[in-house]
Amino acid sequence: MKDRQNIHGSWANRWIFILAATGSAVGLGNIWKFPYIAGENGGGAFVLVYLAFILAVGVPIMMAEVLVGRRGRQSPINSMREVAIESEHSPKWALVGWVGALAGFLIFSFYSVVAGWVLAYVAGMANGDFLDIGSEQAGKAFNDLLADPQALVIWHTVFVILVMTVVMGGVNKGLERATRIMMPALFVLLTVLLGYSMTTGSFGAGVDFLFHFDPSELSWDAVLVALGHSFFTLSLGMGAIMAYGSYMPKDASIGGTVLTIAALDTLVALIAGLAIFPIVFANSLDPGAGPGLMFITLPVAFGQMPGGQIFGFLFFVLVALAAWSSAISLMEPAVAWMVERFGLGRGPVCTLLGIVVWMLGLAALSSFNVGSDVALFGMNIFDFLDFITANVMLPLGGLFVAFFTGWVLKQKITEDELDIKEARIYMAWSFSIRYIAPIAVAAIFILNLIEKLG
Numbered sequence: 001m002k003d004r005q006n007i008h009g010s011w012a013n014r015w016i017f018i019l020a021a022t023g024s025a026v027g028l029g030n031i032w033k034f035p036y037i038a039g040e041n042g043g044g045a046f047v048l049v050y051l052a053f054i055l056a057v058g059v060p061i062m063m064a065e066v067l068v069g070r071r072g073r074q075s076p077i078n079s080m081r082e083v084a085i086e087s088e089h090s091p092k093w094a095l096v097g098w099v100g101a102l103a104g105f106l107i108f109s110f111y112s113v114v115a116g117w118v119l120a121y122v123a124g125m126a127n128g129d130f131l132d133i134g135s136e137q138a139g140k141a142f143n144d145l146l147a148d149p150q151a152l153v154i155w156h157t158v159f160v161i162l163v164m165t166v167v168m169g170g171v172n173k174g175l176e177r178a179t180r181i182m183m184p185a186l187f188v189l190l191t192v193l194l195g196y197s198m199t200t201g202s203f204g205a206g207v208d209f210l211f212h213f214d215p216s217e218l219s220w221d222a223v224l225v226a227l228g229h230s231f232f233t234l235s236l237g238m239g240a241i242m243a244y245g246s247y248m249p250k251d252a253s254i255g256g257t258v259l260t261i262a263a264l265d266t267l268v269a270l271i272a273g274l275a276i277f278p279i280v281f282a283n284s285l286d287p288g289a290g291p292g293l294m295f296i297t298l299p300v301a302f303g304q305m306p307g308g309q310i311f312g313f314l315f316f317v318l319v320a321l322a323a324w325s326s327a328i329s330l331m332e333p334a335v336a337w338m339v340e341r342f343g344l345g346r347g348p349v350c351t352l353l354g355i356v357v358w359m360l361g362l363a364a365l366s367s368f369n370v371g372s373d374v375a376l377f378g379m380n381i382f383d384f385l386d387f388i389t390a391n392v393m394l395p396l397g398g399l400f401v402a403f404f405t406g407w408v409l410k411q412k413i414t415e416d417e418l419d420i421k422e423a424r425i426y427m428a429w430s431f432s433i434r435y436i437a438p439i440a441v442a443a444i445f446i447l448n449l450i451e452k453l454g
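For the sequence shown, this note's numbering assigns the number 1 to the initial residue and increments by one for each residue that follows.
Don't read these hints as lab results, they were simulated from the structure.
Take these hints with a grain of salt, some might be off.
Unchecked claim - Simulated restraints, written as ranges between beta carbons of each label pair:
(1) 13 / 379: 25 to 35 Å
(2) 149 / 423: 58 to 68 Å
(3) 144 / 427: 25 to 35 Å
(4) 370 / 428: 27 to 37 Å
(5) 352 / 134: 38 to 48 Å
(6) 91 / 48: 37 to 47 Å
(7) 435 / 40: 39 to 49 Å
(8) 374 / 154: 16 to 26 Å
(9) 14 / 347: 25 to 35 Å
(10) 267 / 9: 25 to 35 Å
(11) 48 / 423: 51 to 61 Å
For glycine and all other residues, C-beta sits at the position ideal for the given N, C-alpha and C.
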């Protein structure tokens, strides 16, 4: 088959795609969630189980998304349609692309609200607002921010503009240029913060918390947590990786590339833990504070440590970069489809979608103040958007992508795109995408619903 050309352009090389996809995968959850759940669920034992699920579930589905995207060379919606037709199946498989693109759009609407909190803390750290602050004062500062709709709207607006400006530039002048700057900056900041944490006197405690090997703490619930995180951490089920895959050079190895992305994503999460937890332990603070770790616990730690204002500022800049790189990929599938469908330039499309997602974000941020009484199925707007995307749309998207690639796509297409020379490796991927990955994602879907609704 003649290789299709993507009207949006293509990545300059394989490493740009790796950095862009890693940027999509590395988000707010990597900075605080993974280190925390690893430390609380058996440390090194949890990490080993998590890595096993990454290899058995995350990597095969990511390879599936990339190969469909590269084969279709269009937005996830149109790529699913074209590849289904090529496999002599119904073009209605495009619905899977629709689910992914819509999920990314909805996630961005409330993700930008949280990213706005991060930007507010970047400014707060720069201003010295957290110097010598106590935990009670830090908690009050965070609650005051949530209760201030005007401040939330400002920071939410700034973040939406930052993201849509990059997406507006297209693959080469927008996504690629931003990736070349943001990802190296993220790794440099992470390294600087790791070096800083080594001076706290509690680096050993942080290492022990994250890597102590205790299988007795590895409960069935911990295994499910590892399974769920292995799926969500790689930005699967939302069309982002499929869209990025459509810009991937034909001669790049999908398997090797995806393994590199998964390794970098995990490495960032582990280094983040090694950077954060020594600071937490040095100040005798709670490492299990969850989201509060970022917005309450860490500001207290930075505010009380020598040089804390500078490194606190750098930390929140790091988190902002991670949020920015992830958010760009959330909007790309919808923007790409609009450009293809209506023949419009990226400028008008990004302006229109930016306004719509900004307005939806206003509804989400109102959940913490003026709209706190508004409920959808017993949840505020923010929590409802989080629930419907994370617990329904993303698992369903991943499940159908696995089924489509494993059972619907012609084997010749998967063999051609993956170009795996070793037959046993191809058979291992095929077995995983047909059986292991669908069963695992279905388990995530069902168990999450039972937990949330039970």
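Outcome of the hint check:
| no. | hint | in the structure |
| --- | --- | --- |
| 1 | 13 / 379: 25 to 35 Å | violated (44 Å) |
| 2 | 149 / 423: 58 to 68 Å | holds (59 Å) |
| 3 | 144 / 427: 25 to 35 Å | violated (57 Å) |
| 4 | 370 / 428: 27 to 37 Å | violated (53 Å) |
| 5 | 352 / 134: 38 to 48 Å | holds (46 Å) |
| 6 | 91 / 48: 37 to 47 Å | holds (42 Å) |
| 7 | 435 / 40: 39 to 49 Å | violated (31 Å) |
| 8 | 374 / 154: 16 to 26 Å | holds (22 Å) |
| 9 | 14 / 347: 25 to 35 Å | holds (29 Å) |
| 10 | 267 / 9: 25 to 35 Å | holds (29 Å) |
| 11 | 48 / 423: 51 to 61 Å | violated (28 Å) |
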